Structure formats: C-alpha cells, structure tokens
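Trainee: Heads up: the protein sequence lines correspond to chains A and B, in order.
Numbering (the numbering used here) for the first sequence: 1 to 475.
Numbering (the numbering used here) for the second sequence: 1 to 369.
Hints are computed from structural coordinates only; laboratory data are not their basis.
Remember, predicted model here, so these are calculated numbers, not experimental data.
This list has only true hints and no planted wrong ones.
With a Cα cut of at most 20 Å, we get these calculated EDC-like pairs of lysine to aspartate or glutamate:
| hint | chain 1 | residue 1 | chain 2 | residue 2 |
| --- | --- | --- | --- | --- |
| 1 | B | Lys323 | A | Glu134 |
| 2 | A | Lys337 | B | Asp2 |
| 3 | A | Lys44 | B | Glu47 |
| 4 | B | Lys250 | B | Glu289 |
Facing chain B, from chain A, some residues (calculated, C-beta under 8 Å):
| hint | residue |
| --- | --- |
| 5 | Asp29 |
| 6 | Ala37 |
| 7 | Ala87 |
| 8 | Thr340 |
Each residue gets a CB set at the ideal place from its N, CA and C atoms; glycine is no exception.
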Amino acid sequence: MLDSRTKDELVKRLETIVGSENVSVQETDMVLNAHDASPLSEAKIRAGESLPLADAVVFPNSTEEVAKILKCANELKIPVIPVGGGAGTCGGTLPIHGGLQVDLKRMNKIFTIDDKSLTVHVQAGVVGIDLEEELNRHGYISGHTPTSLRASNAGGFIATRSGGSKSSLYGKIEDLTLGLQVVLPDGSIIDLKAVPRHAVGPDLKQLFIGSEGTLGIITEATFRIFRTPESQSFRSMCFPDVSRGLAAIREIFQSGVTPSVVRLYDPEDTAMAVSTHFDVAEGDCMLMLAFDGSTDQVILDEKKAADICLNLGAKDYGEGPSMRWWEHRYDMYYPTKFTTSGFSIGDTIDIVATYDKLENVYYAMKDAMEVHDAVVMSHFSHMYPNGGSIYMIFFFAGPDAETTWATYKKIWDDGVAACLREGGTMSHQHGVGLTRTTYNEGEWGPAFEVIRKIKQLLDPNGIMNPGKMGLGVRE
Amino acid sequence: MDQEAIANQVRMCAACPKMCRHVCPTFFAWRSESPTPHGRALLLHQENSGTRELDDRGIEVLYQCLECSHCLTWCQPEIDIAEIVEHKRRLIVQDGRYPSGLDSLKQNILEHHNPFGEDHVKRTEWFKTSEKTGEELVYFVGCTASYREVKIAQQTQKLLGSLGYSLTVSEDEWCCGSPLFRTGFTEDALKQAEYNVEMLNAQSGDTIVVTCPGCYRVLRNDYPEYGLELKKPVRHISELLEEKLNDLPKTAIDGTVTYHDPCHLGRHMGVYDAPRQVLEKIADGQFIEMERNRDNAMCCGNGAGMRTLFGEKAQVIGSERVKQALDVNAKYLVTSCPFCKNMLASQGNGKIEVFDLPEFVIHVSELSD
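For reference, chain A alone in the conformation it holds in the complex (with noise of 0.2 Å):
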C-alpha cells in the first residue's frame, strides 16, 4: 500500500490528467477491480475471502493519458497494473502489491477498416465481442475468438499472447498482430509500424505481444482481418484411444489440411462434455473438427480429414458433436453449481509441445495430477502440423478453504514439474500471471535472464506489473 502522502500526490497528479471522475481511490472501486477471471481469485471470492486491493484506479481516455500516467506514476516509483477486461484466468491483473491499475476500458475506439489492406486499427480497450461484431457488419471476422470473448479485449489478447478458438487455421495473436503501439514505463510511446512483415532487425512486436504488462502498457493495435468464410463445415469422429486420436491429427496437419476447429476429447472429458448429448461408448475419444473457407474447399478438407480418420479406425459421428460444441463453446465458462459448490476449483493448464512429446506429456501430467484426488479431464487442441496444446482441465473440492487452496498449488506444481520433464511448455495461450509466475524461471531456463535484461532496461524502477511472469517477484 501506498503511503498517504504519495497517495494523495498520486491522486493530485492524475485528477489534473484524466479529471477527477476518471479516478477512483474509493475502496468499493478496487474491491470490485481486485480480481480477473483467474480460478483461484474467483474460489476466494466465492470462500468470501477479501483479495489485495489497488490504491488507486485510473481511467484514460488516450495514448497521451496513458503516457502521463506512466511518466507520473514512474516519478513516484509506484505499482502500475494494467487492466483490460479482467477477464484472464492467471491472475495477470492482480495488483497483489497495491499501487494504481490503469484500467483501460475507456479506451475502446474502432478507428478504421482497411478494405484493401484488410486490417482494422483498435484501441486497446475494445471489448473482443464489439469489434467482432462491427466487423461481421462489414463482412469480415477477426480470426480471434477466445472463449473469453465477450468479456476480453484487444490490449489483454496481445498482453496475454492469446489464442482463439479457430486459431488453428487463422493464426494466433501474434500472427494477427500487424501494428502495435506501446507506451514505455517512463512515459514514451512507441509505434511499431503496421506491415505483413519486415527485415528491418528482430520484430520488436513480438517483445510486448506476451509482455503481461510487464514492460509497458499497449493503447493501439492493427490486426489482420479476414472475409467472412462463404462456407463452414463440422464433423466428428471417434476413436478408442487418444493415441490414435493424435495419430489422425497429425496426419490431417501433415498432409496440408488445415481445419479451422481440431479438438481430441480424451475418455474422461468425452465422458462429461459429448456422452451427455450422444451415444458414446466408454473409453472413446471424439475428435471434433470444423472446416473453413469456400465451399468447394472446405468440401474436399473436409472429406480428406474424414478418410484419414476412417483410415485409423475412427467411427464416423458426422456433424453433431462438433457443431454441438461450436453452438455451445461459451456454455463451459459459465458458472454452474458443480463448478461452483463449496470449496470446489476448477482450472486449466493449457501446455503445449511437439508431436514427439506430447503424449508423453499428458499421461505424465495427468499422473501427477491425479495424485492429488483431483479429477483430470483433457482435450488436444490448438494443433499445428507440428504438435500441439493440451487443455489439462482439474477439479478438485477440499473439506475447507486451507486444504483446497493448499492442494490446487500442489496439482499445479506437480503438473507444471511434469509438463517441463517430458519436454512441453507449461502454457500455450493463456500465459503466465501470477499463477505461472514461480514457475516461469524453470520453463526458460538461462534464457530468462534476456528477459530479466531487457526489463531491467526498460523498467528500472520495476513499477510495471510487479509479481507477474517471474518479475519482480516479492515474498
């Protein structure tokens, strides 16, 4: 927490920035700003446990505010947490050290569509479901759609380094990402030019795109677009075993078919999120796919990816589960009794690793999990010809707060400790927050002190975002 006196200089500062309606040290304000859609901060919320609260929350309305927010904040070596739509699950958004969050929800400006180039320039605070709108309005879509979606905006999908839900076929953020500007801890902006790409040195986009707010707050972006596809298509089909699951997906990759939507349900999470809505028998994996594009290529897609699965003994359950779990992909965000009864927690560690290590990986973490009395359910998705994500999905429910919130660290450590020995990445799209942070030394090995250089560069009061991604952690 902030001394009264730098408060009160803090507030000052910013008041004459923003106006006084654009900043708020009222208690209510931060308690309601205190946590993001991070399982852990949502179960003590639940538990009725009080969260660290911010100082202060400021609300700019431009790039020129942010920047003289920073340069202030920089002056007084305060916490600055930046907030987009508090909807990510690690935490990231947290001001665990107190200090002022820079909430950017008023910055939410769809400046233009390019027709030509077929880009949009955004602020950082558009909210993900309006700019998905206003481009279908156009006849575009974005590409990007993240279950989070109607609550997640442009600045936190880039921070955050996200992946959408047809990524496989439209790329990641950082793919879709053409132009960004950041503004630095000292106040400076910078605008790295929109371009398809460049040979103009190392892409400098990539250092913030990821960055969590450690190194600078972004205000704008350009993305990719694309046309809305003529056609869309869905097919689903079953195997004994994951194994073989991947086996068909891999060839799918590899033989230059790129299905929109790739998700392989593993018999426990088949079990709970298909057998309710179709025969399945126990033990099977589905496999749900969707397809993209004109309709005469989305038609020959569609069937290849079918003959290579029949071909490894899949059986055929045509469109229904996949376009089931298209039509009700949102659904599994919502709170439900199940989720939410007692000291129950639910979360996701979503690795990702190359084909040779992946099923390694998973029974590897999923052991380790286990051991913990939670119940492990998994699905393969966001896959590339190369390997792929794992959403390693747990649940667990201890006689009380203590023991639950003890045991989840344990099912994290373990299952984290196992994904880096069998060789994965212990996040593929959801990042690294606080709930990563203690881990995130271990993932990159030497090659974190680069980072810690870098940010030592550009932040040298570590005011941004203290406590996440492995930076300027305190005990």
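Fit chain B to the given chain A structure using the hints.
Mentor: Chain B alone, transformed into the frame defined by chain A:
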C-alpha cells in the same frame, strides 16, 4: 426470492467470468467494473458472507442499475440481478441509506402523485370528454403521458376512439408507484397502489388499458404480489391494437421503421409480438429490426431511478440506443412506452423521428389520408 436463494445466486454471479457484462447498459455508460451485474453481486456476496459491509459507494453502485434484466438474457444460470438489486434497495431504504437524490422523486409522488412535482389538477388537462359509445375502457394514463408526453395520451384517445372504444380517464389517478417500487420505497409505493386499486375498481369500464409499460408491470405484477386485486383485466395498448389489426391504417411510409422494446414490456412482461404485429401491418413491409431486439434489446437508459440520479449517463445509454436504430437506417424509431419515447426523442437530435406506438399509428393514418 428468499435470502438463502439470493445468497446462492450472488455467490455464483460474483465470481462469473463476466459473461453478460458486454450487454450491460451501465457498463457501457461508465466503462468500469463497478456498475456491472457481477460487481453488484460481489458487493452483496461480500456483505452476506461477512467479508465487507456495504459502504456509501457500494450503495451508489447498487443504484447505478437500470434493473433492465438484459444480463438475465445472457445468464445461463438465470440469475436475475435486477430482482436481487431491487430487493436490496428495499432494505437500504428501510435503513434510510438510500441516495438523497431520490428524496425529491419520493416527495413529489407523495405530495403531487407524480414524480415531476407537477400540480395534480393538471393531470387530465389534455383529456377531451366525448360521448361514450362503444366498449368502455378505463385508460390509466401514467405520469409521463399526463405531463411530459401529452401527445401520446391525446393520440391514444383519438386512436381508441376511432377504433370504437370510449375512454374513461379519472382525475383521481395517482402515480402507479413504479418509480417507488423500483427504487426500494415499497411502503410509499403501496400508498399509491392502494389508492389506485380502489379508484380503478370503482370505474365502470370493463378493461383497464395502459400505454406505459412501467404502469403495466406494476398493475399486473406488483399490485397482486402485495395482495391488491384489480377487478378488471389490464391490457397494454399494443395488445389491444393487435386485436384490431384489420381496422388499422396501412400505407407505404416514406422510410423504414424500427422498434425499441421497453424493458418493462418485453423482458419483464413478455410482450414482444403485439407491437411488432401492429408495426408490420401499418408500415406495410417497411418494418426492420435493430440488431439488438426482443429479449436482447438495449435499455433506453431511463429506468429504476437512473435518470433521476445519473441523468448524464442515462443520456449516454439513450444516445447509443438511437445510434443502434440509425445503424439499420431507420427513419422512424417507434417504442411503446412514454418514458422510453421521452428519452429516445431527447437523443434523436433531428437524425431520426421518434414516436410512441399510438402516435405512430395516427401518423401513418394521416399519411394514408
């Protein structure tokens, strides 16, 4: 809803990953986590669980809610934050901790029987007594049409007269109590309600007709909930007009018309089709929906004390709703609520013509003459 049910619902809502926030009009207006469904729920959950008491800012947040129930449309667990907020407002009022900005609203209704502080004797100045022929209806006019949107009342009389009805309008009509019910002043609302029930039951007409959905909801739902029985059915004007489709004018109007669903009529009372039937008939193929319609319609920004307490933010919301009508290139924006009409017309800025349903029917009939 009992306290345990409320506690379970706010506990679940408080820690939701914000699945409805994108449609919350007050989130739109403030662009902050505070005036949001999950924000309200979190404050109530913390109070229920003993984590933190509701402070003055918390109370303000609970009054930064339109009770429009748009969040409910997007809530899979079907948590109606509007109902929960209203329940809490009653307790806040009982404790005397409500925002002082509501004092004038309450006093005006108690003293003058309308929220505007207008002289009660002027309530029916617009009414032209006519010979009673045809089925007699008791027209419960409501405060906005009586004082602020008088043309709606006048056109309603004209329209219903042309359809063969005769209207009774009582000089003894008081505010229905909706602004008081919605802001937590139940005891004061019931004084209005009891008086109105006695007055309405003494009228000779067989049916009560209303043009205001706020009145409609209160007369149909709130009065019976408190054991106050009206001995006549209550119909909204759109429902009456739907039954008279063949008698309504029809003409090729000079542009498209779209419809704004009032929250009290749509989400709270389930009346979506009747006004559309009327518009589709009279606009003769020129009716067009806004992107957000029916149970996904955006609130006009006026409800549940918002205009009284946070007028500028109410206008931000109203202005956005007008923009949504302009986005579909509508020339006419029609609603079926004097209060909504008043807000939307104030934000039209000459870009769109805003009508209440009876006004628009008369407008079309004049075009077709």
